[in-house]
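Protein chains in written order, with the numbering used here: chain A, 1 to 316; chain B, 317 to 655; chain C, 656 to 1137.
FYI, nobody ran anything at the bench for these hints, they're computed from the structure. These numbers were taken from a predicted model, which means no experiment stands behind them. Careful: at least some of the hints might be erroneous.
[Unchecked claim] Think about it this way: if two alpha-carbon atoms lie no more than 20 Å apart in a straight line, the pair counts; the simulated EDC-like pairs of lysine to aspartate or glutamate are:
{"no.": "1", "chain 1": "A", "residue 1": "K10", "chain 2": "A", "residue 2": "D214"}
{"no.": "2", "chain 1": "C", "residue 1": "K1050", "chain 2": "A", "residue 2": "E280"}
{"no.": "3", "chain 1": "C", "residue 1": "K1050", "chain 2": "A", "residue 2": "D119"}
[Claimed, not checked] With the Cβ distance kept under 8 Å, some of the chain C side facing chain B (calculated, not the full set):
{"no.": "4", "residue": "V765"}
{"no.": "5", "residue": "L792"}
{"no.": "6", "residue": "R848"}
{"no.": "7", "residue": "D851"}
{"no.": "8", "residue": "I882"}
{"no.": "9", "residue": "N884"}
{"no.": "10", "residue": "E900"}
{"no.": "11", "residue": "V902"}
{"no.": "12", "residue": "R917"}
{"no.": "13", "residue": "T918"}
{"no.": "14", "residue": "R1016"}
Backbone N, C-alpha and C fix where the C-beta goes; we use that ideal spot for every residue, glycine too.
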Amino acid sequence: MRLDICYRTKFVFDAPARESQNELRACPASDGRQRLLGYRVLVEPSARMLSFTDYWGTRVDQFGVTDSHAELEVTAEASVETQDPPSFSREAPRRSLADPDFLDRHQEYLNPTRHTSWDEAMAAEARDLTGPDAHDAVGTAMHIADHVADRLSYQPGTTEIGQPITAILANGTGVCQDYAHLAVAMCRSVGMPARYVSGYLFSSSDRTGSIEGDLVRVQTHAWFEAAVPGQGWLALDPTNRLAVGRQHVKIGHGRDYGDVPPLRGVYSGPGVPRLEAAVEIRRMDPTRQPPAPMRPSLLAAVRAPRTRDQQQQQQQ
Amino acid sequence: MLARHAEDMFWAGRYLERAEDTARMVRATLLSTVAESPAQALHRMHDLTRTLRLEAPAPAEGAQTIAESLTSSPPMLRSQAGLDIDVQAAATRLVCSSAVAGSVVFCIGRARENFRSLRDQIPSELWEEINRFHLQLGHADFPGAMEQDPFRTLDSIRVSCQTLNGVLSTSMARGEAYRFLALGQNLERSLMTCRLIQARYPEMDGSSYDEMALTLRSVSALEAYQRTMHSSPLASDVARFLLLSDAFPRSVLFCLRLSESHVGSMAANGQPPPLRRLGQLRSGLEFADFDEMATDLPTHLRALETGVREAADLVGDHFFRNAEAFTLHSQAVKPGAPS
Amino acid sequence: MSVPGFFDEAADSSGRAREHYRTVQEWFDRLTPAQVSGLEEQRNESFRRQGITFTVYGGEEGTERTWPMDLFPRIIDASEWAVLERGLTQRITALNRFLDDIYAGEQAAVHEGIVPRRLITSSSGFEREAMNVSVPLGARCLVAGIDLVRGADGVYRVLEDNLRNPSGISYVIENRAAMTKLLPAVFSDMAVRSVDHYGRSLLRALRSVAPPACGDDPTVAVLTPGIFNSAYFEHAFLARSMGVELVEGRDLVVDDHVVAMRTTQGLERVDVIYRRIDDHFLDPVVFNPHSTLGVPGLMAATRAGTVTIANSVGNGVGDDKAVYAYVPELIRFYLGEEPIIPNADTYLLWEPDQRAEVLERLDELVVKPVAESGGYGIVIGPTATDAELAEAREKIVADPRNWIAQEVVGLSTLPAWAGDHFASRHIDLRPFVLCGEQAEVIPGGLTRVALREGSLIVNSSQGGGSKDTWVLGNPDPAAAPS
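Pulled out of the complex, with its shape left as it was, chain A reads as follows (with noise of 0.2 Å):
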């Protein structure tokens, strides 16, 4: 599917800013599902950009403004082109994740973050659902992706700052952010190293924002990613219900979301800013592949496992 993306955030200073230095993480990855295809950045006030590679592979747009502002837009539009991920098989079991080399290569997946870190009660439904054996990997991560989409209710606006596990357990209500972070945290605390994902969803079934034809107005995703022996990282979207396909646009993965935060930085001055953020999407293609429909549970989109030949043409 071809996807125009126009990402835009404006911050209001009810008085003006001295200066500001921003990163911005808006740009949608090039990996096996995704291909992109233009990028471009742009900033009012205007500022000199920078533009690198992080440590997780996602593109960072750096830039400062050090003349005094009221105002600042930050503009980035993208065009990219997707593809629904290889499915995975179920063969790899539970006890392949205990693999040493498996482990020496994931390790920073497997520990509590600053957002992912969990407490006994959390680990214990996380087990509880899993059992120690009941599962390969595959489904280990589709059942807590599914637990996690019963265990929640969408909220909008739920969270300004992102809240620690307890709390969003506790409230059972969340945004995206939240579903991801308490589905990375239990894949953890099972042993399994997961992986949270920030980017774009074209659907009508987000429930962060409208669609008018080929049209969605949004704000930006975040789901999970769990590691499957032998076959790689098996994308979710718990906030959906949905296994992640051509119409998820990833920008990048981290440990939690402070590795990959669309927008962060700082400013000086005595003012306050007001937030504008919007994300519009723009289907390029809409006659040949209409979007997903929304699943009524994970599990139902989990796959036989197909063979080597199926896998290939699926991937073309």
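Given the coordinates of chain A, assemble chains B and C onto it according to the supplied hints.
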């Protein structure tokens, strides 16, 4: 030099000057209250606090402002030094209270703090001297000494201030650091003299020699005035002398000339705003018709004081503006949660 | 005089002064206690006058004490020093190669299986924000302080590496200045290598890592947290001895990814920053957003290559004590050489076998947290209480990656003045290494001494003092500073 260091120097100069001025004015005022009724003496202390603009900025709960302390106890009680005890207590606060912004203790403490971060820029003799002075003022016996013998204590403060100025002028290279310090001193001094005339002019109107003498003595100008003017003082002559004397180092014109030359030598090119403002103020005084000014002196003095304050602000804008500390705020955009 | 079971630096087993200590020993032998006390008085007076003090926290406002320098110097003869010099150069060269490999290279040490990947990713000193930031000459650790101890066998061992912000060099130079005034006659009899060129050497090293584009007269500044930092004296000392500005974060601004100082004449570009602020306070955009000590945008400027920060961000992964255990292997891997100065025997507690052995022998070993320095958090088995051992055991089991254990290394001894006579006290040594275009080891370093009898704690906050450290022999003319 770093803008922050220049600003610290500028303010160190202002604080040093302020400390000396406060000590001089308190001494002159106390001296003139010795033979006066308590009511008169209290009135004088009110005048003085007004001139110095000294009030504790936000008195702590239960603490008195100086104005309150001046009227709190019954009159007629005299201290050891023969002064009304309320007057004396007020004087002690003006000198010793670290809570009064502008007291001698407060100003020397601030000046020392500024010098502390500039230790690499100032001669070590200067640092040792301000440290010694600071320790002297911070000594537990110091307020007691001020109560016991205010005149001697105030004299010792003046001597310490003069020692500091001596160390400054004999040991400090005439670089930017020195110039900013001297600029701060001279601007502060011109403001103080300006305020003194404002506060004292109505008191001197047609009245006794004593009032004239107090005014002049407050800025150590009595002897210089007498040598220059050779006549029994008139209020307008005193004002003219303090404003326009070419030779007296505390006259407003004298201070503005020095300030202008310091700014001029630091301005890399052209005429930056503080230099223009100081030049306007200086030439305004140089070419002033004093008799015409005297018809509405309070208005002229207010305008002059405002002008000097503006010049000081312009110095800050031009040389230190980019050293201003601003609070940093972090900002981050969260997914799915527009505000 | 010597303490059984420990190496005596000054005397051999028969109690005779070693060759290189003979002159000094004889000189002190001739002094009466009153004369020594007189010298001590002179020393205190001189330090007080110059304000060479350190702050002991815990009192009401922190007490200022004069820097405790013992009069009896530590002496290292030329041949012994030559070995240490080569060993320290070798070690810091390998560590710099390692740091550059991790942050700006292929991570060959990981791919070749020299260190496990998780050793890096689990290190609290591994700074992902520094990934792919290159540093001129690969000199990520420009100033290193490497702590050495000498065991009962007389062998020097590395106890820990300090690759972030090693401090103490100002005391090395002040100690020497004081000693030259106090004991001029002794200096004239011995060829003691000079240390007072440190400022020039440091400036040369800093200028050698300036961004190539900035021309041949780069501007250097020292970045300090401010006057309330306990090491402010040293920061000011270094700026003064290099003749460069001592700046705070608020004096700097990043404009279009270029760092500049705010001066009275406008903005002035800075090319190299010798920072004495911890990584996490350097730039509120990428690190602690509430840090007011740092400079917003500094990391981006570093990444853009318009400014060099020394020491580099993320060096903590190199002095992580679990990584320390691998340093001999890293020397072999990067340099193809055998380590000249060995490590102390170390156990990695995340390895189940080693952990089991350590938990058995906890009361015989020293246990240290991996990311701390300056003796913080150390549990010394032989002198620890049962409760302390139990607590250590619990912490190790809860987070084995965070701890290492080492065999107890007996610190060598040297005479120190004990009020009315000289008595043996334990010492260590922190030499300083500069790594610009070529490595330069400052002759000697900071010898710390435990002034209490029998004590092995040399930290100045806990009753420790220091000694001037003399390296004998004429300096190699080729290595002399220009």
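How the hints compare with the structure:
Our distance criterion of 20 Å between C-alpha atoms is broken by A/K10 and A/D214, whose separation comes to about 25 Å. Proposed proximity of C/K1050 and A/E280 is contradicted: the alpha carbons are some 50 Å apart, above 20 Å. With a C-alpha separation of about 18 Å, the suggested pairing of C/K1050 with A/D119 holds against the 20 Å cut-off. Hint on C/V765 is violated. Least Cβ distance to chain B is approximately 32 Å, over the 8 Å limit.
Given hint, C/L792 at the interface with chain B, is violated; its Cβ is 29 Å from that chain's nearest Cβ, farther than 8 Å. For C/R848, the interface hint is violated, the least distance from its beta-carbon to any beta-carbon of chain B being 28 Å, above 8 Å. With a least beta-carbon distance of about 18 Å to chain B, the hint placing C/D851 at the interface is violated under the 8 Å criterion. The interface hint given for C/I882 holds, since its Cβ lies 5 Å from the closest Cβ of chain B, which is under the 8 Å cut-off.
Against a cut-off of 8 Å between C-beta atoms, the interface hint on C/N884 is violated, since the closest Cβ of chain B lies about 12 Å away. Of the supplied interface hints, the one on C/E900 holds, with its beta-carbon coming within about 6 Å of a beta-carbon of chain B, less than 8 Å. Look at C/V902: its Cβ gets to within about 7 Å of chain B, closer than 8 Å, so that hint holds up. For C/R917, the shortest C-beta to C-beta distance to chain B is roughly 4 Å, which falls under 8 Å, so the interface hint holds.
Interface hint at C/T918: satisfied, since its Cβ lies 6 Å from the closest Cβ of chain B, which is below the 8 Å cut-off. Taken as an interface hint, C/R1016 does not check out: its beta carbon lies about 47 Å from the nearest beta carbon of chain B, beyond 8 Å.
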